[in-house]
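S.K.: Residue numbers (this note's numbering), protein chains in the order written: chain A, 1 to 114; chain B, 1 to 109.
I should point out that these hints are in silico values taken from the structure, not numbers from a laboratory. Backbone N, C-alpha and C fix where the C-beta goes; we use that ideal spot for every residue, glycine too. Don't take each hint at face value.
Label pairs and their in silico Cβ distance ranges [unchecked claim]:
hint, chain 1, residue 1, chain 2, residue 2, range
1, B, 68, A, 3, 43 to 53 Å
2, B, 51, A, 114, 41 to 51 Å
3, B, 20, A, 80, 20 to 30 Å
4, B, 75, A, 16, 45 to 55 Å
5, B, 94, A, 69, 21 to 31 Å
6, A, 69, B, 79, 18 to 28 Å
7, B, 20, A, 82, 38 to 48 Å
8, B, 18, A, 77, 25 to 35 Å
9, A, 10, B, 16, 30 to 40 Å
10, B, 79, A, 40, 23 to 33 Å
11, A, 82, B, 7, 15 to 25 Å
12, B, 51, A, 18, 39 to 49 Å
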Amino acid sequence: DPKIIQKPKYLVAVTGSEKILICEQYLGHNAMYWYRQSAKKPLEFMFSYSYQKLMDNQTASSRFQPQSSKKNHLDLQITALKPDDSATYFCASSPTGTGDYEQYFGPGTRLTVL
Amino acid sequence: GDKVKQSPSALSLQEGTNSALRCNFSIAATTVQWFLQNPRGSLINLFYLVPGTKENGRLKSAFDSKESYSTLHIRDAQLEDSGTYFCAAERANTGKLTFGDGTVLTVKP
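Given only the sequences and the hints, what does the whole structure look like? Please build it.
M.R.: As structure tokens, this is what we get:
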């Protein structure tokens, strides 16, 4: 059974629209993360949450908003989508957010913005 | 500048041969992780390292925090080892991973 679920697997959106990427982890972890992988850049850290609180935000744009409704959920809302937002978005989790443990990654959501 | 530099960027191996991948860090890494991204795009955990070495089957990895580098050795390469290998450094208990650009490995029969 997959331990980190990301939905949807593929997503196509039009410029200017808004989408929510879903992430749920069933590892009992207290820290969750979002990373982005695009054709132009390597995997990039976006956000980290620990116990449902924002720890770090390396995303320059406020169009990207993480949402944690439950301890094991960290969704990513993206507004006013642009073609440059096209990428695969990976959710990850670890027991704590202090780097003492390895991070496990979900299968990713591949977003294409037309 | 590049905070995590991986080399080589691409590598082609004959089945059964050995090779090594390397990451150099320009950040003060406290832990390192190695991943394999398979052709379906999934990131598979290979190693989580504090300074020192670990071995798992045909793979062996080392992390030297003083000299700021990490290596991944592949012994007796198999076809299923093909994919993109990423190293990622974590600094000072932040939990934030900084990734290298990856090494694309192709193992040929």
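S.K.: Can you list which hints this structure breaks, lowest number first?
M.R.: 1, 3, 6, 8, 11
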